[in-house]
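Start from the sequences, fold in the hints, and give me the full structure.
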Amino acid sequence: MIHLQNVHARYPTAHRGLAGALNSISFTVAKGEFRWLTGASGAGKSTLLAVLGLSLRPTSGQMDILGVEPARAKRSQLTRLRRRIGTIHQDYRLLEQLTALENVALPLRLAGTDPRLIARESCDILAWLGLAGRENAYPDQLSGGECQRVAIARALVVRPDILLADEPTNALEETESRRLLGLFQEICGHGTTVIVATHNETLLRDFPAPSIEIAQGRVAGGTAPLP
Amino acid sequence: MKTSPRIRASADGLNRHGGDRGLMAVIAAMAALATLALGGWSGATALQDHWRNALTRTIFVELSTTDPDTSAPDEATHQNADKLIEKLNGSPVIHTVKRLSRSELDALLAPWLGGGASGTLSLPTVLTVIPDRDASMDQVLHTLRDAAPDAAIEPSASWGSRLGLLATSLRISAVGVMGLALCATAGVVMLSVRMVLLSRRKTVEILHALGASDGMIAGRIARQTALMTGLGGLCGALAVWPALTVLARIMAPFGDVRLSGIAWPADAGAWMQAALGFPVPFLELAASVPFVMAFVGWIVSEFSVRLWLRRLP
Ligand SMILES: Nc1ncnc2c1ncn2[C@@H]1O[C@H](COP(=O)(O)OP(=O)(O)O)[C@@H](O)[C@H]1O
Ligand SMILES: [Mg+2]
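As you go down the protein sequences, you meet chains L and X in turn. Quick note on numbering: the first sequence equals residues 429 to 655 in this note's numbering. Quick note on numbering: the second sequence equals residues -5 to 307 in this note's numbering.
Keep in mind the hints are simulated off the structure, nothing from the lab. Be a bit skeptical, because a hint or two may be false.
[What the hints assert, rightly or not] Here are a few chain L residues that sit away from chain X, every Cβ distance over 10 Å (derived from the structure):
1. T527
2. A533
3. L534
4. E629
5. A643
[Said to hold, decoys possible] Only part of the chain X face toward chain L is listed, based on derived beta-carbon distances under 10 Å:
6. R0
7. N9
8. G34
9. L192
10. A206
11. L306
12. P307
[As the list claims (entries may be wrong)] Distance ranges between label pairs, derived from CB positions:
13. L:P440 - X:G16: 44 to 50 Å
14. X:S193 - L:Q518: 53 to 59 Å
15. L:E629 - X:A19: 57 to 63 Å
16. X:G181 - L:P440: 25 to 31 Å
17. X:G209 - L:T630: 41 to 47 Å
18. L:Q613 - X:A3: 51 to 57 Å
19. X:S193 - L:E497: 33 to 39 Å
20. X:D261 - L:G540: 40 to 46 Å
None of these values were measured; they are calculated from a predicted model. C-beta: ideal position from N, C-alpha, C; glycine also.
The structure is reproduced here in structure tokens:
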């Protein structure tokens, strides 16, 4: 479960101290739910996903992620919590020095998975995403769409309890996008909470689901019940 | 050709490449300095022990000859010496008295005159007096002056304490140099770790976000740094070894007068033997230099990486 109450967040900036990004965000997403996160470019979608993914610390407000209050949790607890959250970043954030397969295997290795399983599971998910045969390619040898699929594979390979996807289909073909959304809805059925940020109207229409709309760093509406 | 998919054991984006030779070179220089200082410290300690035990406990008594025209000891002098020895051996403040034999005199003078010099020179009769352990130097000198008013009495104690002071200051300087070398090593490691974190900032942030603990990241960087500083330490210690061998040769006569007659090692084999022939305690200390460097590299980088990671949420 994800619960936010009056969460504020700021980016530290060099010249102006703190840049305002999120203001008084409150919502709840239950376990196994799918949510769209909508809003214009610059509204704060990526910032909100960074807060949910524990890579940006809110400046105030209450948060509950999978039963943990990050503001009060110990550092080691946060580390373990991060391993239960899969994030697909808008800019992929792949490690350039690692092959596609090694990038995908990384979260499994960090989680201490049995080494014999790591290669198999990583290869399987790459194959599902149409990257069979590209395992040994480095990110700079891959196209934008291929990189995005590697990033998707890396987020999914640990079977996370929360999946945060930031415009995960913007480099994909339409058929690939539909297939991916189908997969997201399927893993929701297995208990994963999925939040997908997008401004793709076609997808929103084709996959109707509750949404949270962000405008200028605030919750501006949406079809989901607010707490 | 298609290679089968493979996951490298160290595939975490934190492998260090090439650019760290600078670090290794600086660490090697520090290790060389520390090893030299260690050599100085060991040498000074050995000399101090030697001087304290052998030299400062010994008083040389040079008996004047009865015939003023010749400096060669004659029969009368010999008899006087025997009587004096007997008398002094009975004194409670004196441990032993003996006459220096010709060969011992040779050895003693060798540093100044070269080996076998006494054969061509006429030398005075010299007694060595070792005072009793509990006797004060004043008491002993008093006894000696009473017994042999004409003799030239030369207590090496004052020299001994001066040499001892010299050795002590040498040792303090050596410890200072070692301390400086360690501090410089720590500083260089800190800088190097900072550079690694700056150049790998994105990688570290990604690993952190994927759930790598501070310990994992710090441990990984620290182990690599330790390996590098350890290797640098080994190179430095080995590089300075020839210089140490030469220095030890130069210092040898100060510790053992009989060594001065020995020439420089003649061939490579003899040099090798000299290079390996250091006292075991020093060899042990020198062998620890790479490990100390590795440890400093490890602990400093663990600490600085963990500190830096604190800025991530
Ligand atoms: N790293 C950052 N540092 C400072 N300001 C940022 C940073 N990332 C985003 N912002 C600012 O925060 C606001 C929200 O950005 P973002 O969350 O990326 O919007 P969205 O993902 O909805 O397009 C924008 O005004 C943007 O300029
Ligand atoms: Mg964005």
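Here's how the hints hold up against the structure:
1. Not every beta carbon of chain X lies more than 10 Å from that of L:T527, the smallest distance being close to 8 Å; the non-interface claim is violated.
2. For L:A533, the requirement that its beta carbon stay farther than 10 Å from each beta carbon of chain X is not met, with the minimum near 5 Å.
3. Residue-level check failed: L:L534 sits 6 Å from the nearest beta carbon of chain X, not beyond 10 Å.
4. Against chain X, the non-interface label of L:E629 holds: every CB pair exceeds 10 Å, the least being about 30 Å.
5. The beta carbon of L:A643 is kept farther than 10 Å from every beta carbon of chain X, the shortest such distance being approximately 25 Å.
6. Here the hint on X:R0 is kept, as its CB sits about 7 Å from the closest CB of chain L, short of 10 Å.
7. Given hint, X:N9 at the interface with chain L, holds; its Cβ is 7 Å from that chain's nearest Cβ, closer than 10 Å.
8. Nearest Cβ of chain L to the Cβ of X:G34: about 45 Å, over the 10 Å cut. The hint is violated.
9. Because the smallest distance between the Cβ of X:L192 and any Cβ of chain L comes to about 16 Å, over 10 Å, the interface hint for this residue is violated.
10. Residue-level restraint check for X:A206 holds (minimum Cβ-Cβ distance to chain L is 5 Å; threshold 10 Å).
11. Hint on X:L306 holds. Least Cβ distance to chain L is approximately 8 Å, under the 10 Å limit.
12. The interface hint given for X:P307 is met, as the beta carbon of that residue sits about 4 Å from the closest beta carbon of chain L, less than 10 Å.
13. The supplied range of 44 to 50 Å is broken by L:P440 and X:G16, whose beta-carbon atoms lie about 32 Å from each other.
14. Against the hinted window of 53 to 59 Å, the Cβ-Cβ separation of X:S193 and L:Q518 comes to about 24 Å, which falls outside the hint.
15. Between L:E629 and X:A19 the C-beta distance comes to about 60 Å, which sits within the given range of 57 to 63 Å.
16. Separation of X:G181 from L:P440 is about 28 Å and conforms to the stated range, judged on CB atoms against 25 to 31 Å.
17. In this structure, X:G209 and L:T630 meet the distance hint of 41 to 47 Å, their C-beta atoms being roughly 46 Å apart.
18. Here the CB-CB span from L:Q613 to X:A3 is close to 37 Å, at odds with the stated 51 to 57 Å.
19. For X:S193 paired with L:E497, a C-beta distance near 35 Å keeps the hint of 33 to 39 Å intact.
20. At about 59 Å, the beta-carbon gap between X:D261 and L:G540 misses the expected band of 40 to 46 Å.
In this structure, the hints that do not hold are numbers 1, 2, 3, 8, 9, 13, 14, 18 and 20, in rising order.
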